[in-house]
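With the hints as constraints, model all of the structure from the sequences given.
2 protein chains.
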Amino acid sequence: MKTMNNGEKGRLYVISGPSGAGKSTLVAQLLKRLDNVYFSVSATTREPRRGERDGKDYIFVSRDKFMEMIDKGELLEYAEYVGNYYGTPAAPCDEMLSRGVDVILDIETQGAAKVMKMRPDAISMFLFPGSFAQLEERLRLRSTDSEEKIRARLAQARIECGRAEMYKYIIINDRVETAADEVEAIITAEKCRTVNRLHYLNGD
Amino acid sequence: MKTMNNGEKGRLYVISGPSGAGKSTLVAQLLKRLDNVYFSVSATTREPRRGERDGKDYIFVSRDKFMEMIDKGELLEYAEYVGNYYGTPAAPCDEMLSRGVDVILDIETQGAAKVMKMRPDAISMFLFPGSFAQLEERLRLRSTDSEEKIRARLAQARIECGRAEMYKYIIINDRVETAADEVEAIITAEKCRTVNRLHYLNGD
Numbered sequence: 707m708k709t710m711n712n713g714e715k716g717r718l719y720v721i722s723g724p725s726g727a728g729k730s731t732l733v734a735q736l737l738k739r740l741d742n743v744y745f746s747v748s749a750t751t752r753e754p755r756r757g758e759r760d761g762k763d764y765i766f767v768s769r770d771k772f773m774e775m776i777d778k779g780e781l782l783e784y785a786e787y788v789g790n791y792y793g794t795p796a797a798p799c800d801e802m803l804s805r806g807v808d809v810i811l812d813i814e815t816q817g818a819a820k821v822m823k824m825r826p827d828a829i830s831m832f833l834f835p836g837s838f839a840q841l842e843e844r845l846r847l848r849s850t851d852s853e854e855k856i857r858a859r860l861a862q863a864r865i866e867c868g869r870a871e872m873y874k875y876i877i878i879n880d881r882v883e884t885a886a887d888e889v890e891a892i893i894t895a896e897k898c899r900t901v902n903r904l905h906y907l908n909g910d
Numbered sequence: 707m708k709t710m711n712n713g714e715k716g717r718l719y720v721i722s723g724p725s726g727a728g729k730s731t732l733v734a735q736l737l738k739r740l741d742n743v744y745f746s747v748s749a750t751t752r753e754p755r756r757g758e759r760d761g762k763d764y765i766f767v768s769r770d771k772f773m774e775m776i777d778k779g780e781l782l783e784y785a786e787y788v789g790n791y792y793g794t795p796a797a798p799c800d801e802m803l804s805r806g807v808d809v810i811l812d813i814e815t816q817g818a819a820k821v822m823k824m825r826p827d828a829i830s831m832f833l834f835p836g837s838f839a840q841l842e843e844r845l846r847l848r849s850t851d852s853e854e855k856i857r858a859r860l861a862q863a864r865i866e867c868g869r870a871e872m873y874k875y876i877i878i879n880d881r882v883e884t885a886a887d888e889v890e891a892i893i894t895a896e897k898c899r900t901v902n903r904l905h906y907l908n909g910d
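Protein sequences, first through last, are from chains A and B. The first sequence begins at 707 in the working numbering and counts up by one. The second sequence begins at 707 in the working numbering and counts up by one.
Don't take each hint at face value.
With a straight-line cut-off of 30 Å between C-alpha atoms, the simulated BS3-like cross-links for lysine-lysine are [said to hold, decoys possible]: (1) A:Lys874 - B:Lys715; (2) A:Lys738 - A:Lys874; (3) B:Lys715 - A:Lys715; (4) B:Lys897 - B:Lys715; (5) B:Lys897 - A:Lys874; (6) A:Lys874 - B:Lys762; (7) A:Lys715 - B:Lys874; (8) A:Lys738 - B:Lys715; (9) B:Lys897 - A:Lys823; (10) B:Lys778 - A:Lys874; (11) B:Lys823 - A:Lys897; (12) A:Lys820 - B:Lys874; (13) B:Lys778 - B:Lys820; (14) B:Lys897 - A:Lys820; (15) B:Lys738 - A:Lys738; (16) B:Lys874 - A:Lys897; (17) B:Lys897 - A:Lys897; (18) B:Lys855 - B:Lys762.
If you're looking for bench data, these hints aren't it; they were derived computationally from the structure. Keep in mind the model is a prediction, meaning the values are calculated, not measured.
Pasting the structure below:
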């Protein structure tokens, strides 16, 4: 990741989407494609899944540690989701933004609502699964969850999709490449917004 | 140009920018790249420049004919610019929009202001020259205009750039390819706006 510091601040992006919508795959694609972007790593109290690395996919912490982070005001947002806590450490995000680096938060809808309230200039995107059938298939293929948990996640997915309207953009994840194209286009378009280019009007 | 008609309406785009900002070259690039987009052809009372084709670059009409079009309400907007009239025939635009085709209007700032007022959902972009020096060079290279006209166009360019703030997006035309990338990204991003994807939320 390159950094640039022409005095311009980075922009804060929020991506939400139900478990099984393909967010992790999308984020992996975006990491390959995008320069000058920082993906916030969430802290969580849930158990690591197969292949997940501490500090990379999540910061895995105990419940006690998580409560301490809340108490110290170290989290930009936090929320409970299917029995576990998830939160966004504020310090690395704010540092990146001040260095002119765009920050992407991959967070669920409750946390996203909090961030949008606190940071009205945040650009929010909701990742929609191609279909609910596709979503269910993905959840079952993941196979680490019990049937009961899969059902809970599906019910949760429907609730979350019902909140998609509060987001600025909706990304359709039929194919991950197309979804990544869309996110990339949104990031480029947001750079072109007049409010972000006023320095051109005043220069010359 | 392909057309699609899944019940979705097209979106109306407005591009403005001073003479010499490179709009024609940009539009030519976009025509090559974009599917399902209709570039509105303006009617004008000005003389054709070398290489310009009637009905393709402009619809060249007499002053009398232009006044008749105004009287009959056939123009979406019209304006006077450096002694000539320019206007957008409404019928082809509205037909394309209703067929689900995006429409791009390449119009100057007065006309753009009218369109934005009448059609608040229009997506407006202002094409900024790389610099005023670059703009002056382009105007002189064009060489069909007298020194007096070049000066008038330069003065006009500064006035128009002062109106860039009323546009939603600012495109910087340092390189035409980058400028075309930006316009393409904006068109993709606008398709992803939640308001344009509500049908996904209601379906499955």
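Against the structure, the hints come out as follows:
The hinted pair formed by lysine 874 (chain A) and lysine 715 (chain B) meets the criterion: a straight-line CA distance of about 19 Å does not exceed 30 Å. Distance hint between lysine 738 (chain A) and lysine 874 (chain A) is fulfilled; the C-alpha atoms sit about 24 Å from each other, no more than 30 Å. Restraint check for lysine 715 (chain B) and lysine 715 (chain A): the C-alpha separation of about 36 Å exceeds 30 Å, so the hint is violated. Distance check on the hinted pair: lysine 897 (chain B) and lysine 715 (chain B) sit about 11 Å apart at the alpha-carbon level, within 30 Å; holds.
Using a Cα cut-off of 30 Å, the hinted pair lysine 897 (chain B) and lysine 874 (chain A) holds, with the two alpha carbons roughly 11 Å apart. In summary, the hint linking lysine 874 (chain A) to lysine 762 (chain B) is not supported, as the alpha carbons are separated by about 37 Å, beyond the 30 Å threshold. Proposed proximity of lysine 715 (chain A) and lysine 874 (chain B) is supported: the alpha carbons are some 19 Å apart, at most 30 Å. Of the pairs offered as hints, the one joining lysine 738 (chain A) and lysine 715 (chain B) is violated, with about 34 Å between alpha carbons and a cut-off of 30 Å exceeded.
The straight-line distance between the Cα atoms of lysine 897 (chain B) and lysine 823 (chain A) is roughly 24 Å, inside the 30 Å bound, and the hint therefore holds. For the given pair, lysine 778 (chain B) sits about 40 Å from lysine 874 (chain A) by alpha-carbon distance, which is inconsistent with the 30 Å threshold. Of the pairs offered as hints, the one joining lysine 823 (chain B) and lysine 897 (chain A) holds, with about 24 Å between alpha carbons and a cut-off of 30 Å not exceeded. Simply put, lysine 820 (chain A) and lysine 874 (chain B) have alpha-carbon atoms about 26 Å apart, close enough for the 30 Å limit, and the pair holds.
Between lysine 778 (chain B) and lysine 820 (chain B) the alpha-carbon distance is near 18 Å, which keeps this suggested pair within the 30 Å criterion. Between lysine 897 (chain B) and lysine 820 (chain A) the alpha-carbon distance is near 26 Å, which keeps this suggested pair within the 30 Å criterion. In summary, the hint linking lysine 738 (chain B) to lysine 738 (chain A) is supported, as the alpha carbons are separated by about 28 Å, within the 30 Å threshold. As the CA atoms of lysine 874 (chain B) and lysine 897 (chain A) are separated by approximately 11 Å, the hinted pair is consistent with the 30 Å bound.
Of the supplied pair hints, the one linking lysine 897 (chain B) and lysine 897 (chain A) holds, its CA atoms being roughly 17 Å apart against a limit of 30 Å. Distance restraint check for lysine 855 (chain B) and lysine 762 (chain B): the Cα-Cα separation of roughly 25 Å lies within the 30 Å cut-off, and the hinted pair is therefore satisfied.
In this structure, the hints that do not hold are numbers 3, 6, 8, 10, in rising order.
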